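Chain residues, written in single-letter form:
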Amino acid sequence: MKVQINPELCQGHGRCYDLAPGLFGDDDEGYGQVLGDGTVPPEAAGDARLAALNCPEHAVELLEES
Amino acid sequence: MAVDDRFTPDSLQADEDEPLGTRSEIITGPVRDWATDFSHLEPEWSADPYPIQDDLRQRCPIAHTERFGGAWLPTRYEDVAAIAYDTERFSSRSIILSNFRPPRELAPVGGSPPISSDPPFHHDARKLLLPAFTKTAVGRQEPATRAFCHSLIDSFEGRDVVDAAYDYAQHIPMRVIADMLGFPAEDAPQFRAFVEDLLEGINLPPDDRIERVSRLFDYLLVQVHGHLDQPRDDLTTYLINAELYGRKLDPSHVVGTMALLLIAGIDTTWSAIGASLWHLAKTPADRERLLAEPGLLPAATEEFFRAYAPVTMARLVIQDTHWHGVDMKADDWILLSFPAANRDPAQFDRAGEVVIDREVNRHAAFGLGIHRCVGSHLARMELRVALEVWLERIPAFSLDDPGAVTWSAGQIRGPRTLPLRIGP
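Read top to bottom, the protein sequences are chains B and L. According to the numbering used here, the first sequence is numbered sequentially starting from 1. According to the numbering used here, the second sequence is numbered sequentially starting from 1.
In case anyone wonders, no lab produced these hints; they're calculated from the structure. Please read these numbers as outputs of a predicted model, since none were measured by experiment.
What the simulated footprint calls covered on chain B by chain L, stretch by stretch (three residues with Cβ under 8 Å from a Cβ of chain L suffice, anywhere in the stretch; the number is not a length):
#	stretch
1	12 to 21
2	24 to 30
Here are some chain B residues pointing at chain L (derived, C-beta under 7 Å):
#	residue
3	53
4	54
5	56
Don't be surprised by glycine CBs; every beta carbon is placed ideally from N, CA and C.
So that you can see chain B by itself, here it is in the shape it has in the complex:
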């Protein structure tokens, strides 16, 4: 699984980096940033889902790998 943030939608609410600080950080204006290449370790899959489900702007996307 990978995570990504749609920068067109992100408004800097910060729910992703509050809920999944291992996967997301913020830039110097508070917009969400994916850490690294966005690959989600298996143990962080729950955090990734929480971040996506709590983003008020629907900016956090989960990409399930086949």
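Using the hints, position chain L against chain B.
Using the frame of chain B, we list chain L on its own:
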């Protein structure tokens, strides 16, 4: 170095040839039918708006009133979100609904940028503020905020009953934003008056309102001059020196943004802290669970923000439009109720209940779209610290007299009198 002469007594006066706004007839008194005559300023609404909003959502769902010269009240999450995102149809040039509409020429800047601004200016004015309000930046205020909360509770020594709104909640955001703006902490009692002048008393005669608002701007100009004489590492000096499009900001922009940060930083968080303590005082099971499981506090604070969202914004319709089944006229107000959106059962399971361990909570308490509350990270920090310190120091408390609790009237809703009995 050239003297900064932007802030003379005349610099904020409107030119005589500038367009005037429009005033509407002031209509007060009991609401006949909430679907066709709503008013968020009547006591029934401030006491408990949720049953009214729930009823409207089922049978309306976009209410109307002839008061304030014409206004609409959407109550579904879907409609509130659509308006928040649609800056082509809905202007932010006045975000406090009143009997005065500022002239259309005030857009896209508005009186208190960036909250009052429309695109494209909005983006640039907002960008100036964002770095000061990131989660990391506001984290630097946390130790002082925590120490201040402790000092407030120290002052309760020997009392069985305290007013958690008056003696605790209001002081926390006042102190934090005064520090960030570089205003003297001892001026805090004046801030309360400024907040009430701007956000309450909406139905007072317009000349009264103008006079009250000018008290705030007189105060802010004094602070600007203090900072011109003695620059400091704070937001006031930052705004005085900030540049946009290659030149320093207009004086009305500097002072308008200072007004925004002061007012929006206070009433809102004060309300959130008070409403959360009110809930915990009347819900022992939630209070005991938070004491037993402090790790739930982040989820609980989000749920308090959802269920007791303090902030309702306003918009002005830009031109006549048929929108989601109603005919809106140019210059009609929209009362953009994030509290109503946050209790829409189509968006939230158990929407009317407070579920302190709610895992999925895509609430709109801080707005949606380009106007997301610039202080949301600060508000979250303040509410979390205020509750952590309170629960640590006063684990047992209850409503002393439920009938004595009073709530603010207008677009920012929270407890203004909240007598709590300390102890089991």
